[in-house]
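J.: Sequence:
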Amino acid sequence: MAASKYTCDALSGNIGAMSARQQFDKPDKVSAEKVDAVRGAGRSILRGFAWLRSRPGALVLVATLVAFVVVSLVLSSKHGTPREGDAVTLSLGLPSGLTLHRNWHPFEHLALSPDGETLAFAATDASGQSSLWIRPLDSSEAQRVDQSERALLPFWSPDSQFIGFWADGKLKKIRRSGGSPEVIFSVPEIAQGTWGPDGTILFAKAVNSPIFRVSPNSANATPATSLLPGQVSHMWVQFLPNGKSFMYLARTSLAADDPQAKVYAQPLEGGPPTELLTSESRAVAVPDYLLFARQRNLFAQRIDWSTLRRIREPVLLARNVAKPPAYLGSSEFTASQNGVLIYGTAEGLSFDQLQWYARDGSTIGSLDPVVDYQQFTLSPDGKRLALNSFRQHATGSLWLIDIATNTTTPLTIDPHAQSDPVWSPDSRYVAFNLLPNGGSDPPFLVEKIEIGNQQAQPIYGDNERHWVKDWSQDGRFLLTHDTMTLSVLPLTGDRKPKPVYSSSFLKDAFHLSPDGRLIAYGELRDRKWEVFVASFPTFQDTKQVSEAGGAQPRWRGDGRELFFIDYDGAMMAATVDPGSVANVGPPRKLFDTGLVPDPTVNQYAVTQDGQKFLVLEPRKGFQESYSVVLNWPAMLK
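Offset between the sequence shown (1-based) and my numbering: plus 5.
Just so you know, the hints here were simulated from the structure itself, not pulled from any lab data. Computed from a predicted model, the values in this text were never measured in an experiment. Hints may be right or wrong, so weigh each one.
[Stated by the list, open to error] Simulated pairs of lysine-lysine, DSBU-like, Cα-Cα distance not exceeding 35 Å: (1) K175 with K548; (2) K533 with K548; (3) K533 with K617; (4) K388 with K453; (5) K501 with K453; (6) K642 with K548; (7) K533 with K503; (8) K642 with K533; (9) K210 with K175; (10) K453 with K503; (11) K548 with K178; (12) K501 with K175; (13) K388 with K594; (14) K501 with K388; (15) K642 with K594; (16) K249 with K267; (17) K548 with K501.
[Claimed, not checked] For each label pair, taking beta carbons as the anchor points, the in silico distance ranges come out as: (18) R481 with G599: 32 to 40 Å; (19) F510 with D467: 19 to 27 Å; (20) G562 with P591: 43 to 51 Å; (21) D467 with D520: 53 to 61 Å; (22) R149 with F510: 44 to 52 Å; (23) D120 with G562: 52 to 60 Å; (24) P591 with G276: 57 to 65 Å; (25) I369 with Q265: 18 to 26 Å; (26) F544 with R593: 25 to 33 Å; (27) D520 with D151: 40 to 48 Å; (28) P583 with S432: 16 to 24 Å; (29) Q459 with D151: 49 to 57 Å; (30) N302 with S507: 41 to 49 Å; (31) F510 with G562: 25 to 33 Å.
Just so you know, even glycine gets a beta-carbon here, dropped at the ideal spot from N, CA and C.
Let the hints inform the model, and build the full structure from the sequences given.
T.: If you want it as structure tokens, here you go:
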């Protein structure tokens, strides 16, 4: 049968049925009373969210999801579920003038509860605070989950009563009805989980790792899979409908394009993996079907889960499904275990653009790279920008932008993955990490390259990660770290890293003061990142500079001012008496950036005189909308 379709205009609040003769086999399947009920519900919903349209930083994702999913509620809960054989599709575009705010790792990951009643997702409110949100499909409002700050990657318990998520270096769970979160397991790296019927939790780290298992009441995590030869990562794990097996995406490259990536199924209690399909994207398992995206098209593959046998060819469900560029294997769709499907479609480029701001927050220019990127650093002379691309290109991952001409060119000719570009003090060289095996296997190399040469020179490499963070002003050494330990890497002599500071806290964004006597950095303490300044290299004197959360410290060229972004997205500045930790003044606000601060990613750069700031901002013209399909298997008949 044909699918029933309703449309909702986000600007006017008009909701109406398309021609019954065109859309339905029988005109009486949707009555006038149902249409009026849907129209009235839509008006009240959109009135309730009218404030979102006037606040650019407000809950963009919430606005998108809440308004259109409510319409599905009106049809499903108030007027009964669709008739057997019917599918109901609803859609909503973003209100005019709003775009989804995306950082370099866009975790707009949607998780629909197994019972199809509640949607969970991570979103950011008008204050810039990111949290976990839930949207019961029998309610007209989304609800922020208390004590879920900085939550990412939600997943559900099989009974739909608990939500698992990752935040602040831990996998956690919280009741759908509220309460305090409980820690499942400490995982410093970002992790995505799945929940089995016996309470077993499986989780996948972002990259470079097999799947891990945490049994109920266990204090340990054990590997549940093993990387096969050629595989670099197991990601996007999910229990199968039988609860006794699970599936995951196995990648052979951390480049964006991985034609050898496959989805496997494996018994929980051990046994060899079984290939389900070739796919660069994660899959979702529901009764009788495997949902997956390929080249931004969403497919349904009929499958016998008892034998893992595929039945017939996959069937196309939707086109142009959104695919975040940064998070490998991600695709924006989710499904319940009882026939509800939600997916996003996108138009335009999603990666952010770069905007120049003065100290008072006024806009004074922009840059528009022609490649997607995640890390960027400004040369000390202010003439060039080094970019770390999301994707592994034929020339590698590093690019240069000439600021005067806004010209983008490759920095290297090495096709292997690179990351974390850092400028030499004379703006002549860029140091970076080279990852010949995609970052999953050693060696992990540190190299440098002369601008205009394109032939890199090796500095150091071993089996340990040494992420490059800064280059000393005198040019004698690099700063490297492994998230726990900071080391000095001499550029002469034995060229071996020498640890100078270590603690149990996650840390990042180390930057030396111009005179080399102080060091600024971010550290995760008491579930919040803060900015610190310490004496270098002794770390005997330490002072917290941020007062209520902060990230990404940067020095002014003369060392007399330190900048950072606070948790509200404000650009902050603190005066500094060079060489003295004690004489770091209280921070003061310069202007609002509109950013959700990321402690481990460069989201801004500042010129040596401290007068100009290059800041990320959402790209204009990018539009994303979401669709809900009730009883979606009927579309396959």
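J.: Work down the list of hints and note, for each, if the structure agrees.
T.: Hints and how they fare:
| no. | hint | verdict |
| --- | --- | --- |
| 1 | K175 with K548 | holds, 26 Å |
| 2 | K533 with K548 | holds, 16 Å |
| 3 | K533 with K617 | holds, 28 Å |
| 4 | K388 with K453 | holds, 19 Å |
| 5 | K501 with K453 | holds, 15 Å |
| 6 | K642 with K548 | violated, 66 Å |
| 7 | K533 with K503 | holds, 28 Å |
| 8 | K642 with K533 | violated, 51 Å |
| 9 | K210 with K175 | holds, 11 Å |
| 10 | K453 with K503 | holds, 19 Å |
| 11 | K548 with K178 | holds, 34 Å |
| 12 | K501 with K175 | holds, 32 Å |
| 13 | K388 with K594 | holds, 27 Å |
| 14 | K501 with K388 | holds, 31 Å |
| 15 | K642 with K594 | violated, 59 Å |
| 16 | K249 with K267 | holds, 20 Å |
| 17 | K548 with K501 | holds, 29 Å |
| 18 | R481 with G599: 32 to 40 Å | holds, 38 Å |
| 19 | F510 with D467: 19 to 27 Å | holds, 24 Å |
| 20 | G562 with P591: 43 to 51 Å | violated, 22 Å |
| 21 | D467 with D520: 53 to 61 Å | violated, 31 Å |
| 22 | R149 with F510: 44 to 52 Å | violated, 27 Å |
| 23 | D120 with G562: 52 to 60 Å | holds, 58 Å |
| 24 | P591 with G276: 57 to 65 Å | holds, 60 Å |
| 25 | I369 with Q265: 18 to 26 Å | violated, 46 Å |
| 26 | F544 with R593: 25 to 33 Å | holds, 26 Å |
| 27 | D520 with D151: 40 to 48 Å | holds, 45 Å |
| 28 | P583 with S432: 16 to 24 Å | holds, 22 Å |
| 29 | Q459 with D151: 49 to 57 Å | holds, 52 Å |
| 30 | N302 with S507: 41 to 49 Å | holds, 48 Å |
| 31 | F510 with G562: 25 to 33 Å | holds, 29 Å |
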